[in-house]
Amino acid sequence: MQKEYTVTVYTEDRIGITNRITIIFTRRGINITSLTTAETEISGVYKFIITVMSTREKLDKVVGQIERLIEIHRAFVHEEDEVVYQELALYKISTKSLESGDIERLIRDHHARILTITADYFVIEKTGHQQELTDFIKKLEPYGLIEYSKSGRVAIVKWSRRFHEHLKELQASSEA
Amino acid sequence: MLQKDVLPMKAEKADKRLSAKPVITGSEAVIRSLIAEGVDTIFGYPGGAIMPIYDALYDFQDQVHHILVRHEQGATHAAQGYARSSGKVGVAFATSGPGATNLVTGLADAYMDSTPMVCITGQVAASLLGTDAFQETDVIGITMPITKWNIQVTRQEDIPGAIAKAFYIARSGRPGPVLVDITKNAQVGECEYEYVPCTHIRSYQPVPELRLDAVKEAAALINSAKKPYLLVGHGVLLSGAEKELIALAEKAQIPMASTLLGLSAVPVDHPLYVGLLGMHGNYAPNILTGECDTVIAVGMRFDDRVTGDVSTYVANAKVIHIEIDAAEINKIIKADVALHADAKTALQALLKEVQPAKHDEWLAEFRAADKKEYDKVQHNELYPETGELKMAEVVRLISEKTKGEAVLVTDVGQHQMIASRYYRFKNPNTNITSGGMGTMGFSLPAAMGAKMGTPEKEVVAVIGDGCFQMTLQELGTIYQSKIGVKIVILNNNFLGMVRQWQQLFFDKRYSSTEMVNPDFVQIAKGFFIPGKKVTAREDISAAIDEMLATDGAYLLEVVVEKEDNVFPMIPAGTPVTTIRLE
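Those sequence lines, one after another, are chains Z and X. This note's numbering applies: residue -7 is where the first sequence begins, and numbers increase by one. This note's numbering applies: residue 3 is where the second sequence begins, and numbers increase by one.
Note that these hints are calculated values from the structure, not bench results. One or more hints might be untrue.
Over the 10 Å line for every Cβ pair with chain Z, so calculated as not near, a few chain X residues [as the list claims (entries may be wrong)]:
hint, residue
1, Lys23
2, Arg72
3, Gln137
4, Ile142
5, Lys150
6, Arg173
7, Ser205
8, Tyr206
9, Asn225
10, Val270
11, Gln380
12, Lys405
Straight-line distance between alpha carbons at most 20 Å, and here's what the computed SDA-like set of lysine to any residue pairs gives [to be verified]:
hint, chain 1, residue 1, chain 2, residue 2
13, X, Lys167, Z, Arg12
14, Z, Lys53, X, Asn332
15, X, Lys336, Z, Arg60
16, X, Lys167, Z, Arg60
17, Z, Lys(-5), Z, Pro134
18, X, Lys167, Z, Glu59
19, Z, Lys131, Z, His102
20, X, Lys333, Z, Asp52
21, Z, Lys88, Z, Pro134
22, Z, Lys160, X, Gln207
23, Z, Lys50, X, Ile334
24, Z, Lys53, X, Met114
25, Z, Lys160, X, Ser205
26, Z, Lys53, X, Lys167
Using N, Cα and C, we set each Cβ at its ideal position, and we do this for glycine too.
The whole structure should be built from the sequences, with the hints applied where relevant.
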């Protein structure tokens, strides 16, 4: 059955690695709905967090093929309840809306915060799950939403107790 | 490590070489690095963006033999043939742009068939990258999905490291093709040279650790099996596990069947060998996959040409899958026990745990089915007395006259299936064919490479008339480089396999499959290669004798039955147990 999964991939820092990973999804006709990547706590090791709609069976095979790539350390498929995750959204609103007063309450009620204010616009930051972030758009629209931008998923795996140590061991082995 | 004192030095650079690490150009570093990896033969084609490397090669002609092919595709297939026959890494050179894109088919073929190959391409200068410069192509982007690894090198000091990694990756684990793209500035720039072979990449574990509990589990399944069955794949040859495989089969009296690329791992005349699996394989090994209770699949990946409809394939059996590539385990067929390991290591471990056994009744089932195939198909194919020449009788004669000891290089189509069915392979690594990709045009250049890799062996290319015309320009290479390969064209004036499908599944609507062919013998003569055309049964034996007695290359064209079909056959996507004998 198709549902949303999170795929995490630990990679070396290498030009083209994103392409190498994504073409494996492409070959199997799987659409990537979000992709976030950044360096991990270990220099030179990157973590990709990919969300897709697919089946577990298909993704287990995709992960196998990803792990076959030379610069990949490990790749995993996670069910929704196996990860703690967040996304981050920025909302640009016309500064005029502040005059009405109640937008401030809206921001506070939704645990958002204002990052910057200029004469023309101000920018609100909010973290949460995708639905919360898109629901918040509807509430901001009456105040003059100018622009909206959202990150991909950032996730921590609940059961990955030793991954930090594993990465450190990798670093130690490459330095040796 | 490289023996520096055996390398020639240019006089003008002698002063710089007084330092511990000689200062040389990136191009010279390429050649020295290849020599350090043991490369003695390179197949390639020069061009603007790789000229500095060719210039450097000029100084090393006594150590590296460069074969000038007539098309870069030929260079890759030749490198594949070289690798498959010799067990070494095949090497090909090409220039940027069209030179590099012409490598694509060979790279994809080598990737599908796990062939170790390193291709080196020239590239425009780093300052021009991304500007659509003359003959600039994103060869890294193009070849990403069809190489085991690829890299673009833009600095000369990175060349030895990149080549060391390339060879390590190409030949280790599940082998495969690697491409190293080197920009022109890196080729001409100078750097201090030192070659350190690559032995470890922290994100890459080519040799998995065998789990002994899985070995015990697999052995228990085999020991309790009534109808065990060994499926022999290419991995057996790649890991050199032929002896272990046969020892296991003999110890527990297990029948062995081969995939197309597994052919030659087991001598065809071995009493436990039961034939070829797959769409045009033998009747018994296919139909009895429905009967076996334990399958031991060794170094094979359950290609759809082997399994047919996967929902019914080996449905009554426990599956033990020995495979070095974890991504292949459970990809097509779910394994009850997976031995993620090199085939040789796994078979050695299994051999200790498996008990001697006999399965005479089970083996008798194969022999009974064999007889059915022989009576219905093989006898008529191998020993016809009337009508036009048949492909099978030609292959039988080649097999007899070479005693099954030639390296047989086949192309793709009916002749490939016939040759694979009827050549009686005796020694490992003597079957070279394009399996996974099914690349027409493969065999003529692959045969050149095979002959270069194993000059002491007779190399016979068996080619269809359609395939031959895809890469026939390599006759020029064969002549120029004096490569003594024997070429047999089985000419039915058709794209035979497509025509067979049109006959069986498209109501004989022969759409664009009939070929009006040139005079192949005259073409060979144009390349100064002797040849003969045979149309009559009484002439074929002497013609093969003449071909094999000829010193050097020879082309034999055999006109065969125009509308012959290859049977048995499993219609695509159907269960293998529905195999048709007619």
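State the violated hints by number, sorted upward, taking the hints as numbered earlier in the document. 4, 5, 7, 8, 17 and 26
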